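Chemist: The residues making up each chain are set out below.
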Amino acid sequence: MNRRVTPAQGRPERLVAAPPAARAPTRARPGMGAWREHHSRSFRTSLARLAERPGATVLTLLVMSLALCLPFLLWLLLDNARTLGGHLDDARGIGVFLKPEIDAAAAKTLAETLRARADVADVVIKTPEQGLAEFRSQSGFADALKVLQNNPLPTVLIVTPKAAASPGHGAPALVDELAHDRQVDQVQYDALWRQRLDAILAFTARLAGVLAILLGLAALLVVGNTVRSDIAGRAEEISVMQLLGADRAFVRRPFLYVGLWYGALAGLVALILIGAVEIALSGPLNQLTASYGERFSIHGLSIVQALALLGASVVLGWLGAWIATARQLTLGHPQ
Amino acid sequence: MIRFDQVSKKYPSGQEALTDLSFELDAGEMAFIAGHSGAGKSTLLRLVALMDRPTRGQITVNGQNLVKTRARKVPQVRRGVGMVFQDHRLLMDRSVFDNVALPLEIAGCTREEIGRRVRAALDKVGLLAREASPPVTLSTGEQQRVGIARAIVGKPPVLIADEPTGNLDPMLSAEIMKLFAEFEQVGTTVLVASHDLNLIKRMNKRVLVLDHGKLIDDFRPVAARSEVHA
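Top line first, the protein sequences correspond to chains A and B. Take the first sequence: its letter number 262 is residue 262 in our numbering, and every next letter is one higher. To convert a position in the second sequence, counted from 1, into our numbering, add 1000.
Possibly wrong hints are sitting among the right ones.
Computed from the model, here is a short list of chain B residues facing chain A with C-beta under 7 Å [what the hints assert, rightly or not]:
# : residue
1 : Arg1079
2 : Met1083
3 : Leu1091
4 : Leu1102
5 : Pro1103
6 : Gly1108
7 : Cys1109
8 : Thr1110
Label pairs and their computed distance ranges (CB to CB) [unchecked claim]:
#  : chain 1 : residue 1 : chain 2 : residue 2 : range
9  : B       : Lys1214   : A       : Ile323    : 43 to 51 Å
10 : A       : Thr45     : B       : Gly1141   : 28 to 36 Å
11 : B       : Val1136   : A       : Leu207    : 53 to 61 Å
12 : A       : Gly233    : B       : Thr1055   : 28 to 36 Å
13 : B       : Thr1055   : A       : Arg53     : 36 to 44 Å
14 : B       : Thr1140   : A       : Glu52     : 25 to 33 Å
These are computed hints drawn from the structure, not numbers from a lab. Note that the structure is predicted; figures quoted are calculated from it, not measured. Glycine residues also receive a C-beta, built at the ideal position from the N, C-alpha and C atoms.
Construct the entire structure; sequences and hints are all you get.
Modeler: See below:
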């Protein structure tokens, strides 16, 4: 009885009556077929257990799916903000708005001086006329602009700094110098707010991550608590099984499947919730994007992301059930 | 097959349930444990089934030293010991068949094997016709017989029963006890705790008498007839 059961010895006992001395307890190692059978049985009975208590099941599913869809919605928002930010990639140029009294010749001289600098790659002069034409074609204010008697726009120099001159954070020294030039009215350095946007996006990404962890934990606890009360309701069954020689895995299996079902169903509900949020927001969002001339579009959850949500949900459900059963199973041990 | 060697069991409450108990039961032997309630009969059976561990002493069941058995190996030991309880402990949400099938499912038998052996066990206890019934529709005696079928379906070398006739009338009790005696004849070691001295006397088997946790008598069939009344 003490020796290890080899696969050959583990074959089913034949029904032919064995001599008393050869009698052995039913073999300890389950065969693959029986193992698979218990899995499929657990798979089915666990679903039936969920159906037995519809109230508790629905409540658990709702709480779990809400906890799951919140970080995903935030993530989606973030993802869209990123693509919006992607359109501003070419915003490295420094817009130098000259004072209105600076004429074309003076502007040209200033441009030449700047071009001669080591940290400047290129300078483009944009005359007030060019600016007005651009404004007219892009902003959709053509009619309103017609009302204007004279061109209010100043001359603008688009200064592109050399890549090496902008080390990544903060405005390069060039921006500072330009701002203090007497001929310059205002300096607009888009890269600066681009950096700020990046920082905000990074912060939101971290926030989404932290929220995902916290809400994931909440989902884990919800499943764990539900499975725990399920276990409490089946204490007698578990105790009988343990007395009949069921090992940990056997007792635990149906409960793990319960957790698995909770995870899968909550994942589906979360996907439906996210879809509903997308539909609810799509009208106003489309109006918003249309006002930007369709230069970017809003996208929903991709198939890969949806599958990731489902996968995460299933893993959380399973893990929650595993944790809930771990404590309970030690109760059947001899003192 | 079952060997107790100077076994004592003290519960955390301080109550000494068994004191310095030694006896040996051969393979295929049947014995009764007699004594008043609180004498330590249940404790003795709990030790055999590894539901409790002794405070002192050595216990060997099926050649396995229970004191040295690790928690992980406990299920394997229990599969070698068929258990019958006074309140039968059937699972009421499963059919008679599924209740009896449970030990085989746990042991990992195939579906066909389970079907064959469950029916053989139910046939043995005379309940083959009731396999699809829920246990609640059965009489107390029938429920106990389902409990016995469940205990023997895995062909364990050892069968223990704690007051299996505690809830039954005398006629049913005698029937159940005869059933246990039949398993002894096929080589199973049978240990039955009972306070019903009249019944034990009629069975004409070895009797271990416990009193306040001590083994005060151990008599064999021949002696049993004359000494039970003492």
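Chemist: Work down the list of hints and note, for each, if the structure agrees.
Modeler: Comparing the hints with the structure gives:
no.: 1; hint: Arg1079; in the structure: holds (3 Å)
no.: 2; hint: Met1083; in the structure: holds (6 Å)
no.: 3; hint: Leu1091; in the structure: holds (6 Å)
no.: 4; hint: Leu1102; in the structure: holds (6 Å)
no.: 5; hint: Pro1103; in the structure: holds (5 Å)
no.: 6; hint: Gly1108; in the structure: holds (2 Å)
no.: 7; hint: Cys1109; in the structure: holds (6 Å)
no.: 8; hint: Thr1110; in the structure: holds (5 Å)
no.: 9; hint: Lys1214(B) <-> Ile323(A): 43 to 51 Å; in the structure: holds (45 Å)
no.: 10; hint: Thr45(A) <-> Gly1141(B): 28 to 36 Å; in the structure: holds (30 Å)
no.: 11; hint: Val1136(B) <-> Leu207(A): 53 to 61 Å; in the structure: holds (56 Å)
no.: 12; hint: Gly233(A) <-> Thr1055(B): 28 to 36 Å; in the structure: holds (34 Å)
no.: 13; hint: Thr1055(B) <-> Arg53(A): 36 to 44 Å; in the structure: holds (42 Å)
no.: 14; hint: Thr1140(B) <-> Glu52(A): 25 to 33 Å; in the structure: holds (28 Å)
Checked against the numbered hints listed earlier, the structure breaks none of them; every hint is satisfied.
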